[in-house]
Structure formats: C-alpha cells, structure tokens
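Participant: Using the hints, position chain B against chain A.
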Amino acid sequence: MKRLFASITLIMLVFTMLLGMVSCFGGGGNGGDGGGNGGDGGSSSTDSEGNTIVKIMFHVDKSSTEGQAYQKRINAFNTAYKDQKIKAQAIFKARSAGASGYETELMNNQLEGTLADIITFDAPNTAAYANSELLYDITDLISEEEQNKFFSLNMYEGKLYGLPIQESSAGFFYNKKIFRDAGIDVSAYTAENPWTFEEFKAVCARLKSHGVTAVDMRIDATKDETAPYLLYPFIYAAGGSFVSADGLTAGGYYNSAATAKGFQFIKDLISAEYTSYAIGATDFFTGKVGMYLSSGWTIPDLDNKYRENFASRDDWGLLPYPKDVVAASATGSWSYAITNNHHTDKTAALELLKWMTSPESSEAITNATGMIPARKDVVKNYEAGSPEYTLLKQLEISGKERPVTVAYPTFSTTFNQVIFGLGKGNVSDLLNSAKNTLQDAIDEVKDR
Amino acid sequence: MIDTSILILGLFLLAFGGFAVYDLATAKRRREVYRVKSTVTAYLMLLPAVLLAFLFVLLPILYSLGYAFTDYYLLKPNDISFVKLENFVEIIEEISEKGMLYNAIKNTLTFVIGVVPLQIGLALLLALFVNRPCFGSKIFKVCFFAPVVISLSVTSFLWLQILAPGEGGLLNSLLGMFGIPPHDWLRDPETAMPCIIVLSAWQGCGYQMLIFLSGLSNIRKDLYEAASLDGASRWHQFWNVTWVGLRSTFVYILITVFIGACRILTQPMLMTGYMSHTVTLSYYMYNSGYTKRLVGESSAVALLMTIFIGGITLIQRRLFREK
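First to last, the sequence lines map onto chains A and B.
Going by the working numbering, the letters in the first sequence line up with residues 890 to 1337, in that order.
Going by the working numbering, the letters in the second sequence line up with residues 62 to 384, in that order.
Treat the hints as calculated values from the structure; they're not laboratory data.
Some clues are possibly wrong.
In silico SDA-like links for lysine to any residue, alpha-carbon gap of 25 Å or less [to be verified]:
#1 A/Lys1313 x B/Ser337
#2 A/Lys1048 x A/Thr1138
#3 B/Lys159 x A/Gly1312
#4 A/Lys1090 x B/Pro226
#5 B/Lys145 x B/Phe369
#6 A/Lys1112 x B/Leu326
#7 A/Lys1097 x B/Asp245
Output of the computed footprint for chain B on chain A, the stretches with three or more beta carbons under 8 Å from beta carbons of chain B [to be verified]:
#8 959 to 973
#9 1164 to 1171
#10 1330 to 1336
Built from N, CA and C at the ideal position, the CB exists for glycine as well.
One chain only, chain A, in its complex shape:
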C-alpha cells in the first residue's frame, strides 16, 4: 500500500512537472493572440463614462520632480481632451533595479496582456524593441516636418519607432583656477570650433607638468552605461564605428583600424598618466583633477555643491569633446513609443504621444529635469559660451547616437570590457574579442 501511494504521488509530481514544462513551450501567455487583457478586442479600453483610456508608463517615481512634471502634463491633456472623450492614465514604475528591472516589468506586462499604450524607454534599446515588434511603427503618423523638429529620432531600419522626451550631451568640465595657474588658455575651443586630439593631449601634458592629474576620463565607470555613454564619441571622432549601418555586422567595424585609433587615444592618455583608473569620484570637485568628463547633470552639482572650490561659474567651465577625423559628441536619453499591444486602434495613443512631445510638454519636462529639450523649436536663451550653450550647440553640430543594434546590451558590456582592459591589454586583441562577443550576440537575437 505504501509503495502504491508513493507511486501515485510520484506520478502526480511528474505530471505536474511535465505540465509546467509544456506550458513553457505552448506560447506561454494569454496575450499572444492579441486578445490579452479582458477581451476588449482590438479597440482601446473605455471607462464607464465612455472615455477612451490611454495608458502611458513612465520609468520614474511619481513623487520625483520629473514624475510630477509628467503627471502635470497628463492632467493638462485630460482637461484639453475632455470633449474628445480621451483620458490618459499614467503608470509610474521607478527603475528600482536599473533599466533591466524596468524592462522586466514591461515584459511581464506584455506577457499578461497589460502592456501600456505608450511606454518610455532608453534610446539604445530602439533596435531590440523594434526588432521584437514591441514598438509600433509611427513613420507615417508623424509628419516629416514634425520629425525635423527633433534633434534625434528613434529609427530602426528606416522606420520611426519613437520620439525622445529630452536630450543629453556631455563634455569636459574644467577647473578654471587650475588652468589659470598652469597658464593654459582654452578660450578658443568651443562647440563650433572644437579642439583636436593633439591639442587635448598638449593641455593634459601641461596640467601634468603643473602637478595635477590632468583629466578624469571616467574609465573606472565600467559597471554600467556610464563609460560607454561618455567615451563612445572618441571612437566616432577617430573615424571608427562599432557595427554596420544595418546593425548586424561587427566584424570590420568594431575591430577596424579607425576604431582601434580611437581606443588607442584613450590608452595613450592612461599610459602617459594623464588619466587613471584610480581617480576618486570627488577628486575633480575637490580640486585635485583639472578636467572631468561628464554629462549636463553635473551642472547643478557644480552650481550648488562644492562651493569651497567652485564658488561661482567663474571657477569652472565646460569644453567640448575633442575631434580627430570628425567631431562627435554624446547624445541620447529616454524616449516615448506607442506599443504594439492588443489595442489596434492607435488614434488616442497618437494624440497623447503628440501631446507629450509638444513644445509645451518638452519645455515643462526639461524645466523640471534640467536636461536639453528634445525639440529644436523649444528655444532656451542660453548665454553664448555658457556650459548649457556649449552642450546645446555641440548636440546640434556633432551629436551622434550610440550604435543601433539589436544586441545593444552586449555592445555596452563589451565596450566596458575594452575600457577595463585598456590599462594593460593590447587594443587590437581587446577589440577582436569584443567583436566576436558582439557578433555572437547579434546572431543569437537578430532573427528572434
């Protein structure tokens, strides 16, 4: 009897396991047939008052300054579209576990058939999301005239999949006192007339001879997206690249001579001890380092903190990225996209997208975040020569997006590994290894 019962229990457990496994193969979710959420078919959801509900998911906390700015624009939309009976609902999912945590939330929603009509997403994910049909093609829904008003667009294979919320750019913050003491004049170097790689090295050499660490290139920031975001323009400036135009080939691009030249420039700075992996996070702010590579988000820090070394804007300035073959600078931030969820009628979602990317919304949100507006027609009267002006002009003139590839996360990982290895490793070996890893990753996901 005991043996019989044990057998029955075992059979039931095996059956349960098989069921679990089979469910994995069987298409998994209830959203696969487009039915998804509550059987409201292809049209948008409506509430009891007959309003069409459009859901929009943000990557920030509702209580944050940025979150509050989004909510205000949503409230304004609901007031403006009351007569058209369209109502927007904001969902806030703060990135508690980084961008991958937010992405997991998106995927769970897609699996459950509850994916919002509009989502925010990090621009480098455009290719992977578009390739996976997560995003809706809005090429024909946004006029060319309107598209031209943005500094950058979320394009993949010639199609438009998203519009940026705001823009970013980076540059070299410098300590004017250290530069004055070392007798270095950099006033000629502007976004319109950037300095060259050689001029950059010459300034570093003078700073070193003055007894300070020349520049914090952030080569230690290889655990996340910081190093790729700040350092990729050097490779483009040297004439290099990472992948082919279609984003599917890394060989011949990531390991090309021009790309190697860009990385070699960074390695030379390390070898000459102009920069190092050992620079402390606050060394620039405490006057130990001459220059600091960072994005616009450092401006409020320099304006409000570290008053001991930077009492006013007379004590610090911002220099553009140096150029070699061409000028290139960092761009990119988060964007909006309409999703390919079970609502086939995208009319209401399109209205909300247009509203959230309008000049008014762009201005309201960038006023809250301090970032550069995504639209060229949102004029901010920055004083010529000011850090904000330099960032904006640089974005206009030399802004270049990160590589568009379906395997962007792997690109980011390999870029970090190359920067990590530059100190002791051979550039060519590092790039060949990175090329192989990236190509494998592209091959694995391109047809999914």
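Facilitator: Below, chain B alone, put in the same frame as chain A:
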C-alpha cells in the same frame, strides 16, 4: 501562463490533499495514536508553508526547467519554441572555446574552494573564542554578527572604499605607511577574486559562528572534565570532544555555505562589473537572462548548476554520514 500556473497549483493541492487523506486513512490501521482533529489541524497548519514553498520555490524551478529547452527571448515572451538540447550544445561550445562561461565556472570554483574553508574556519575560531566566558564576550558576539545583518550591497560598497585603487584607498593608504606602493586590487586578476573571497567570508562568518555556538552549547561540560582528568591536551580535547560534538553542525554549515558560495552574484556585480576575471555562474546567468535577454540559455545554465550543486551536496552528505 497564469492559467497553467493555477492548474499546476490545483494539481499540487490535490496531491497534498490526497496525501493528507491517505495519512488519515492508514493511521488507524498502523495503530498509531490516532486523532482526526489534531491530524487535520496539523495539515491545515502545514498548508500555508507548503503553498508558499510551491509558489515561490517549486513552481519557478519547474518553469526554469521547461525554459531550458526553449528559445525564450525576454522581448518575445509570447513566442517560445522547443529547441531540444540546443541551449546545452551552445553551453558546451562556449566552455570548449574558453568563453565567458568557462571563466564563470573557473571563478566560481575558485571562489567556492577559497571561501568555504575560510568562512567555516573563521566561524569556528570566532565561536570558540566567544564561547569562553570572558569579559565583553557578548560585545564580541554582536560585533562578529553585525556584518551579517548589513546588506551585501552595503558591505560591497564599504569594501570598494577599502580596496579603492591609488593612494586614496583605505588599504593602500595603510600599506603606504609601510612603504608598500598602492595596488589596484579589484582590477588585477591575481588579487580581485581573493579580495572578494575575504570580504565574503568576513560578511558571512558571523552567522555560522552563531550556529557553531549553539552546537558548542550542546556539548556536555563533564566530557571536558573527564578528558582533562585523563590528561588530554587542549588539542586532544578539541579533536576528540569538541569536533566530534560539532560534527553534525559542521555538515549542516558545510552544505549551506557551499550552496551559498556557488550562488555568489552581488559582490562581483557591484565591485568589478561583468569582467572575465570575476564573473561567476550566477552573474553569467543574470547577464544571459536579463542583459542579453536570452532566458532559455540562462535557464539551461541554471539547470546544470542545480544538478552540479545537488550532486556535490549529496556527495558531501554521504561522505560525512554518521556511521
């Protein structure tokens, strides 16, 4: 997926209910002390724990087991196909090509071999130290246990400051007082993993110390008195009384520390990032599943890792079985 999960849960509950009914039905025949009310109460009290274990342990394992044989791509959760053993073939290829997975296995083994004896040895030493009645032993207990209650993220950041490169790092500035030049501890492949081993042993040994202490409290004092009367030295007392008394505690600690060590993720992730000299199996799985979004491949590695850990644990249990 939710529907299937509910169905599986239903079947599991049916099996659990069946077992309870069978137990009730046969208890009388087995001539055990038989009370329907208390037996039913016992099973009802057991049910929440069993349910939670099923939902958060067994069910994810089942799904992971299934996904290991699929091409599940995180961005296409509704488009999953059965790919037979393809993921496992890729794993073997990556190991044979000495790719990142090879490094992950090598680093994980290095970590396990380093941290298990160090952490258990430290825990035993600390337990023996604080077990002796002396002034301030309670304060020492609290101090030694304190790192356990601090999250791994916090301790990792703390050790990042200690091991920071250049003269600004705490360890480097200390060594600098003796004329030793600064070293980049976490970038150097020779020193990065040993540093992570030391930090992990320091962080975790307080917990095992408490378990050893409870084991020590179960050893009768008169055994030491008898050994002492027989002229046994301190070492002989330790080896023939303390160690024998702690044997079952040691086996438990060995298995739990081994399993914990195999799963190391937070320290390399926060301290070095995804680098070949510190990547571990769990970190590789995380990167495959969440960064590269290849859930199928990640699940296959998880399955192999589960089999490996389970196998070693069984061997450990067999080797240390009471005769």
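Participant: Now look at each hint and say whether the structure bears it out.
Facilitator: Outcome of the hint check:
1. A/Lys1313 x B/Ser337: Holds, at roughly 14 Å.
2. A/Lys1048 x A/Thr1138: Answer holds: A/Lys1048 to A/Thr1138 is near 19 Å, not above 25 Å.
3. B/Lys159 x A/Gly1312: holds (23 Å)
4. A/Lys1090 x B/Pro226: Distance ~24 Å between A/Lys1090 and B/Pro226 Cα, so the pair holds.
5. B/Lys145 x B/Phe369: It holds: about 21 Å lies between the C-alpha atoms, which stays within 25 Å.
6. A/Lys1112 x B/Leu326: holds (14 Å)
7. A/Lys1097 x B/Asp245: holds (21 Å)
8. 959 to 973: With 0 residues in contact (Cβ-Cβ under 8 Å with chain B), the coverage given for the segment 959 to 973 of chain A is violated.
9. 1164 to 1171: Per the Cβ count (5), the hint holds.
10. 1330 to 1336: Three-residue rule met by the segment 1330 to 1336 of chain A, so holds; n is 3.
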